[in-house]
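Engineer: The lines below spell out each chain.
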Amino acid sequence: MFFWSLVLIAVGIFSSFIYGRSRIKLNSKKQGTKSKSLPNYYAQYVLMWCLFPALIVYFSWAIFQEQIIQNIVISNFEYIEGAVYNEGLLLAEIRNVANNPSFADGKSIEIINAASHYSSLRQISQISFYTSIIIIMLLGALYASQKLKPEFHAQHTIEKYIQYILIFCSSVAIFTTIGIVFSLIFESLRFFAEVSIFEFLFSTEWYPFIPIREGQTAAEGSFGAVPIFAGTFLVMVVAMCVAAPLGLLTAIYLAEYASQRVRKIVKPLLEILAGIPTIVYGFFAFVSVAPFVKAFGQSIGIDASPTSALAAGMVMGVMIIPFISSLSDDVINSVPQSLREASLGIGANKAETIKKVILPAALPGIVGAFLLAISRAIGETMIVVVAAGTAPNLTGNPFENVTTVTVQIVVALIGDQEFDNPRTLSAFALGLVLFVITLFLNIIALQIVKRYRERYE
Amino acid sequence: MNNSIAKEKIVSLRKKRSLEDMRFKYYGFTAMCLSLAVLVFLLYTIFSKGYTAFQKTIVLLEVDYNQEVLKLTPDSSDEEMEKGKFFRVKKQAIENFFPDLSKSDIKLVKKLFSINVDNEIKDYFLDNPEVINTKQQIWVTAHSDVDQLLKGNSRRDVPEDRRKLNDIQLSYVDQLVEENRVKQVFNNFFFTKADSRHPEIAGVAGSFMGSLFTLFTVFILSFPIAIGASVYLEEFAPKNRITELIEVNISNLAAVPSIVFGLLGLGVLLNVFGLPRSTPLVGGSVLALMTLPTIIIACRASLKAVPPSIKEGALAVGATKTQAVFHHVVPLALPGTLTGTIIGLAQALGETAPLIMIGMIAFIPNIPTGLTEPSAALPVQIYLWVESAERGFQEKSAAAIMVILIFLFMMNAIAVFLRNRFERKW
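Line by line, the protein sequences are chains A and B. Going by numbering that gives the first Met the number 0, the first sequence opens with residue 0, and the numbers climb by one from there. Going by numbering that gives the first Met the number 0, the second sequence opens with residue 0, and the numbers climb by one from there.
Worth flagging that the hints you see were computed from the coordinates, not collected in a lab. Using N, Cα and C, we set each Cβ at its ideal position, and we do this for glycine too. Any given hint could be a false lead.
Straight-line C-alpha distance at most 25 Å; calculated PhoX-like pairs for lysine-lysine [what the hints assert, rightly or not]:
| no. | chain 1 | residue 1 | chain 2 | residue 2 |
| --- | --- | --- | --- | --- |
| 1 | A | Lys354 | B | Lys24 |
| 2 | B | Lys424 | A | Lys263 |
| 3 | B | Lys8 | A | Lys355 |
| 4 | A | Lys159 | B | Lys238 |
| 5 | A | Lys35 | A | Lys148 |
| 6 | B | Lys303 | A | Lys159 |
| 7 | A | Lys354 | B | Lys14 |
| 8 | B | Lys424 | A | Lys354 |
| 9 | A | Lys159 | B | Lys24 |
| 10 | A | Lys146 | A | Lys159 |
| 11 | B | Lys24 | A | Lys266 |
| 12 | A | Lys33 | B | Lys320 |
| 13 | B | Lys134 | B | Lys102 |
Cβ-Cβ distance ranges computed for the label pairs, FRET-style [claimed, not checked]:
| no. | chain 1 | residue 1 | chain 2 | residue 2 | range |
| --- | --- | --- | --- | --- | --- |
| 14 | B | Val68 | A | Ser74 | 51 to 57 Å |
| 15 | B | Asp126 | A | Asn112 | 57 to 63 Å |
| 16 | B | Thr72 | A | Asn112 | 21 to 27 Å |
| 17 | B | Lys320 | A | Ser131 | 56 to 62 Å |
| 18 | A | Glu453 | B | Leu18 | 36 to 42 Å |
| 19 | A | Ile196 | B | Asn165 | 54 to 60 Å |
| 20 | A | Asn112 | B | Glu79 | 50 to 56 Å |
| 21 | B | Phe86 | A | Thr203 | 34 to 40 Å |
Output of the computed footprint for chain B on chain A, the stretches with three or more beta carbons under 8 Å from beta carbons of chain B [claimed, not checked]:
| no. | region |
| --- | --- |
| 22 | 285 to 298 |
| 23 | 379 to 393 |
Generate coordinates for the entire structure from the input sequences, incorporating the hints supplied.
Structural biologist: In structure tokens:
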């Protein structure tokens, strides 16, 4: 349905363009004056008045049609006294019967009635959709064609419209942020209406199982997120222990020691490392690193679990090596050459120059890079989903199984998503924590890097 | 005398210092080599685990297309043939697979074959209807357990109760190998079929198409918006608070974890707007929002690289600012913006977590044909296979990783090609 309407809109804008062009030529010939702008601008003017109203209708229909139809069907449904209905299941059943008449066998008469109601509503909606698109395009073209007079400055108007479009494009980023913040806060508030915020932030028991039946008090869920935060922290620390030295030393070597040729080969290779999807690292952690960690743990007498913080953290560390090395590389390269030359000039060798002059000078930038890497590590999902555990565990032992914020979000949202229970909503509360922490780290890091840049510019 | 001691001290100190210098250099070198070694090891792991998935094991089966068993006649119509009783033919073929099989043995033999054998017997018949009432030797797909055993992925020396195949079945497989009734061929199913519960007939075609549709959505949404945003910010935006806010916003959005975008998709696109779950439309929209900052940053860089003299030249001959930008600056920056977009798309291709959030993790056994149909995506497919307990899926996940890496490599190659071919140095 929506494909053909796109074709309809395409035909509409094409003909409106042609129409606008010929109309203005005709009008200016009639009046015997030259038009203020080129004919194409008038054509574009008609086109825009044709296209944008049609697009608005198109999208609002695409978004709201199904919901409105479902509401009407449900509100007109002939409920039988005494029977209990689940609205979601009922709707699914009605839709199935409507889309596939062969499912109607053995269904109750109300459902069949509702299904025919549903399909008739869909038909009405489709017809009115096409007619309203055609009408709105005609109206737009009609409005625009009244302005097609030679003394009308079509170009100015078009350029103004283009400005509006560009402003809209750049505000998409702001809308995204607003969308993120609002959806996280809104769902988190629903969560905190059922679970106290103090329990969430300070309690150490995380059993997100809710009673399946009412009055099943034995299975009351508890939502203390401390073990999850601790697990996230542990994995992050392991990752930084791997990535910080390796990434920084690689950056130093590439920036200060390596020849042009080595740089030319190694930098793209590191970019490959950075471009590998995280699920691939997850696979690597799962099939290679985790068994190795387990065997290593056994050989030194520690009982390592098959999914350990160490395995996940190490692989995550590898993932952020290129991130740290490229950021630090930039930072080290932006230390002014004069500092290096001064240090070498008074007799220091290269290592001393790096350690005593360059690194201190580049320190703020490197700290910024590390903070960005930490925020990366905290937000990373697939490696820990595959290679760390799902059971909360408050421990500092990296050989044990821990869980992280991102894992718990995934676990809460896989399977049934019923938005009336705190288990599903807990994902949004955890997401809010994640968002706030990473945002905070980023703002600090960007500030530090920015100040540092300004210092040497 | 004093002088020579001092000299000695200086020499030894210098030696120590230059040793330190060397050591520091080698630390850096080792760190770099370690990082690259991990890359090599990673690729090696994937290749060594995955290359076997491109082959499948097939078994020679003698099928008797008896017209009574099939309940067909030589002049049955095509529709009747579709409804032939092929499962009975298969049952008979398996009963006669080895001479003198008891009832319990037949059950064991049956487990050596893939669930898809019915279809293969049927397809062979539909392609050659003249074989009715003849006995045909046809190659059919073996069960994943047999496949894994012959590829050496599952071991025979573990105790019987921890093995998928028991001792009798093992002896059957050995007999088949001896009689040359089993061989390995190119696994066409891997590239033509969608996901399945049975490893031997699971493929990446469905998730590959899902990923393509998703990327298409990402491109359609993010490319125009990114160009519009970057043109505005680079050329038109007044220097004020709001512009600054937008810029800070974009750079912060670039670092928001991808899973949060998944929550946005779930909370807003699915719950508020009611878009269809598990579809490339929603997945693509979420990924488009996620990659938008990356693409905007790349587009701005390429717009910045166009020298101001071009714009000034256009302005000098009387173009308006809009004309100067859209007729002169943007076309020159286009290759750069395309490169940036492709790199953004490559990032979107590998992204898994947001797609899980919006339900693209559902089990979809058929190949999607549109943007609003439920479908899988390559990275999510890999995740599903990695998590699966079935042994046969592990090689599949590694092979799917190879597919996604090749896909990524090609996208990057196109980006580099565009950059080298069309980008102008000023």
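Engineer: Tell me the hint numbers this structure goes against, listed in increasing order.
Structural biologist: 8, 9, 15, 16, 17, 20 and 21
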